[in-house]
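Protein chains: 2
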Amino acid sequence: MSRFKVIVAYDGTNYHGFQKQNNALTIQEVLEKAITSIVQQPIEIIGAGRTDTGVHAKGQCCVFDAKTNIPEENLIKAINSRLPKDIVVKNVQSVQENFHPRYSAKRKIYRYQILNSKTCDPFLYRYAYFYPHTLEISLMQEAAKYIIGEHDFKCFCSAGSSVQSTIRTVYSLDVNKHDELVCIEICGNGFLYNMVRIIAGTLIQVGIKKLSPKEIQNIIDGKDRKGSGPTAPPEGLTMMEVNYEDE
Amino acid sequence: MSRFKVIVAYDGTNYHGFQKQNNALTIQEVLEKAITSIVQQPIEIIGAGRTDTGVHAKGQCCVFDAKTNIPEENLIKAINSRLPKDIVVKNVQSVQENFHPRYSAKRKIYRYQILNSKTCDPFLYRYAYFYPHTLEISLMQEAAKYIIGEHDFKCFCSAGSSVQSTIRTVYSLDVNKHDELVCIEICGNGFLYNMVRIIAGTLIQVGIKKLSPKEIQNIIDGKDRKGSGPTAPPEGLTMMEVNYEDE
Numbered sequence: 001m002s003r004f005k006v007i008v009a010y011d012g013t014n015y016h017g018f019q020k021q022n023n024a025l026t027i028q029e030v031l032e033k034a035i036t037s038i039v040q041q042p043i044e045i046i047g048a049g050r051t052d053t054g055v056h057a058k059g060q061c062c063v064f065d066a067k068t069n070i071p072e073e074n075l076i077k078a079i080n081s082r083l084p085k086d087i088v089v090k091n092v093q094s095v096q097e098n099f100h101p102r103y104s105a106k107r108k109i110y111r112y113q114i115l116n117s118k119t120c121d122p123f124l125y126r127y128a129y130f131y132p133h134t135l136e137i138s139l140m141q142e143a144a145k146y147i148i149g150e151h152d153f154k155c156f157c158s159a160g161s162s163v164q165s166t167i168r169t170v171y172s173l174d175v176n177k178h179d180e181l182v183c184i185e186i187c188g189n190g191f192l193y194n195m196v197r198i199i200a201g202t203l204i205q206v207g208i209k210k211l212s213p214k215e216i217q218n219i220i221d222g223k224d225r226k227g228s229g230p231t232a233p234p235e236g237l238t239m240m241e242v243n244y245e246d247e
Numbered sequence: 001m002s003r004f005k006v007i008v009a010y011d012g013t014n015y016h017g018f019q020k021q022n023n024a025l026t027i028q029e030v031l032e033k034a035i036t037s038i039v040q041q042p043i044e045i046i047g048a049g050r051t052d053t054g055v056h057a058k059g060q061c062c063v064f065d066a067k068t069n070i071p072e073e074n075l076i077k078a079i080n081s082r083l084p085k086d087i088v089v090k091n092v093q094s095v096q097e098n099f100h101p102r103y104s105a106k107r108k109i110y111r112y113q114i115l116n117s118k119t120c121d122p123f124l125y126r127y128a129y130f131y132p133h134t135l136e137i138s139l140m141q142e143a144a145k146y147i148i149g150e151h152d153f154k155c156f157c158s159a160g161s162s163v164q165s166t167i168r169t170v171y172s173l174d175v176n177k178h179d180e181l182v183c184i185e186i187c188g189n190g191f192l193y194n195m196v197r198i199i200a201g202t203l204i205q206v207g208i209k210k211l212s213p214k215e216i217q218n219i220i221d222g223k224d225r226k227g228s229g230p231t232a233p234p235e236g237l238t239m240m241e242v243n244y245e246d247e
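Residue numbers (the working numbering), protein chains in the order written: chain A, 1 to 247; chain B, 1 to 247.
In isolation and in its complexed conformation, chain A is listed as follows (with noise of 0.2 Å):
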């Protein structure tokens, strides 16, 4: 038996999310069939976060555990023989026992969009939130900066999550435009339910001038999910990379 890592990239649109539902149709379900069929025996299959439905993931990671000689290369294009197209397995690599794409995971990166347009544009929905009011960029990347580093992290969590501490770090946190894309890049060791989004959500209002970029400390001490703003649409989120190296 080895334990196998896996590097997935998808489209997130058309699934109820990552995580396995009775009655609804996930990557992780969607997977799991796959790899099953390729290595035939039953597996199942852990990934390093559970995104929501309709979010995307560039660099998803996920593990599963089978007994085959199939060389890693063969797995790779085996597995995407038999995977819809907005599902693609990136990368295979056999990985010691005790990897966890969790527990192991030392930095995640994720991105959200924001189309900061006129009009929508055909091409971006599915992957941006189209947002045409105008944005203040540089009071949104003001903003940003009270967000890094090591904070209790509450105001930027949804109700109802039963996590034990809410504490986390946030290593960088980049807002840039290009053209009619702005695009929030956040590096952190992990990230509450919904954190990213609300943060989007937090920094539009900025953008907007409904909130001051000083304001965003008293939101965190306040450790008030009321106090931050709403949380940014699905579309916009895409996870890009676990890291599992100390740097």
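Any given hint could be a false lead.
[To be verified] Derived EDC-like pairs (lysine to aspartate or glutamate); straight-line CA-CA distance at most 16 Å:
1) K118(A) x E73(B)
2) K58(A) x D179(B)
3) K58(B) x D121(A)
4) K90(B) x D121(A)
5) K58(B) x E180(A)
6) K118(B) x E136(A)
[To be verified] The following label-pair restraints were derived from C-beta to C-beta distances:
7) N189(B) x G149(A): 52 to 60 Å
8) L181(B) x H133(A): 26 to 34 Å
9) P84(B) x E73(A): 37 to 45 Å
10) L181(B) x L25(A): 23 to 31 Å
[To be verified] Some residues of chain A that are not near chain B, with every Cβ distance over 12 Å (derived):
11) T53
12) F99
13) Y131
14) T169
15) Y171
16) K209
17) Q217
Since the hints were derived computationally from the structure, they do not count as laboratory data.
The model shown is predicted, which means the values in this text are computed figures rather than measured ones.
Note that CB positions come from ideal geometry on N, CA and C, so glycine has one too.
With the hints as your guide, set chain B onto chain A.
Showing chain B alone in chain A's frame:
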């Protein structure tokens, strides 16, 4: 009665091309229905180019004639509110009655995208031709030089086309690679049926060394469709822009 120039972007994946047909959904039909419902009179659309099934546009140019007092900014919003998300009107502007999107056009720009990677991409498979074999970009760039200029392009015209002249001028033809995406961008005074896709297919033959760059000259001189490469698939093609000004 005024003539309106409309710039339209669309993801052609789910349409049977631009031009209206019986028993198949087309861009023209969807646009005409949306505009008719807004200006509340039957209108007919003329487009600058009849893109094929699965071909996309970022700057298709159309006109329609209507009697309406709706300001142009409001027309854009109103029409878009009646369109599906994969068709977006980017601009509406009143023009002179003698403006014709095809006959008045001076230059058209098309882009052909090739995803040249080992595995496909869930975000690009609709917008790029997935071609996993190694492409020698410098050879494709060398081959492109033979295509630039005024030539009889009969070799790059699909059989069955009934145009009077197969002479066209290609002003520029650039081949570039960014990460795993090969981008072929071509500007000309007009294009024969399937011309850009056949040029793309022929450049790919050069990229895999089945043709040498110099052979392009013989292919053009031969004036025979059989001499050139296969027609590259539609998903890679996007109509980028139509220019109406003399430069």
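Problem - Exclusion check [K209(A) not at the chain B interface, CB over 12 Å] - result: The claim stands: K209(A) keeps its Cβ more than 12 Å from every Cβ of chain B (closest is about 23 Å).
CA of K58(A) to CA of D179(B), is that 16 Å or under? Status holds; Cα separation ~15 Å.
**Q.** Whether the CB-CB distance between P84(B) and E73(A) falls inside 37 to 45 Å
**A.** Given about 40 Å between the Cβ atoms, the range holds.
Checklist line | Status of the stated non-contact between T169(A) and chain B (beta carbon gap over 12 Å) | finding: holds (29 Å)
Note to self: Check the hint pairing K118(B) with E136(A) against an upper bound of 16 Å on the C-alpha distance.
What the structure shows: violated (40 Å)
- Message: If I take the minimum Cβ distance from T53(A) to any residue of chain B, is it greater than 12 Å?
- Response: holds (16 Å)
- prompt: Does the hinted range 23 to 31 Å hold for L181(B) and L25(A) at CB?
  reply: Hint holds: Cβ distance 29 Å, inside 23 to 31 Å.
key: F99(A) non-interfacial with respect to chain B [C-beta, more than 12 Å]   = holds (22 Å)
| task | With a cut-off of 16 Å on the C-alpha distance, tell me whether K58(B) and E180(A) pass. | result | holds (14 Å)
Quiz item: Within a Cα-Cα threshold of 16 Å, do K90(B) and D121(A) meet the stated pairing?
Solution: Distance ~9 Å between K90(B) and D121(A) Cα, so the pair holds.
- How does the Cβ-Cβ distance of N189(B) and G149(A) compare with 52 to 60 Å: does it lie in that range? With a Cβ separation near 58 Å, N189(B) and G149(A) satisfy 52 to 60 Å, so the hint holds.
Note to self: For a C-alpha distance cap of 16 Å, please report whether K58(B) and D121(A) respect it.
What the structure shows: Holds: K58(B) and D121(A) sit about 9 Å apart, inside 16 Å.
When each numbered hint is compared with the structure, a violation occurs for hint 6 only.
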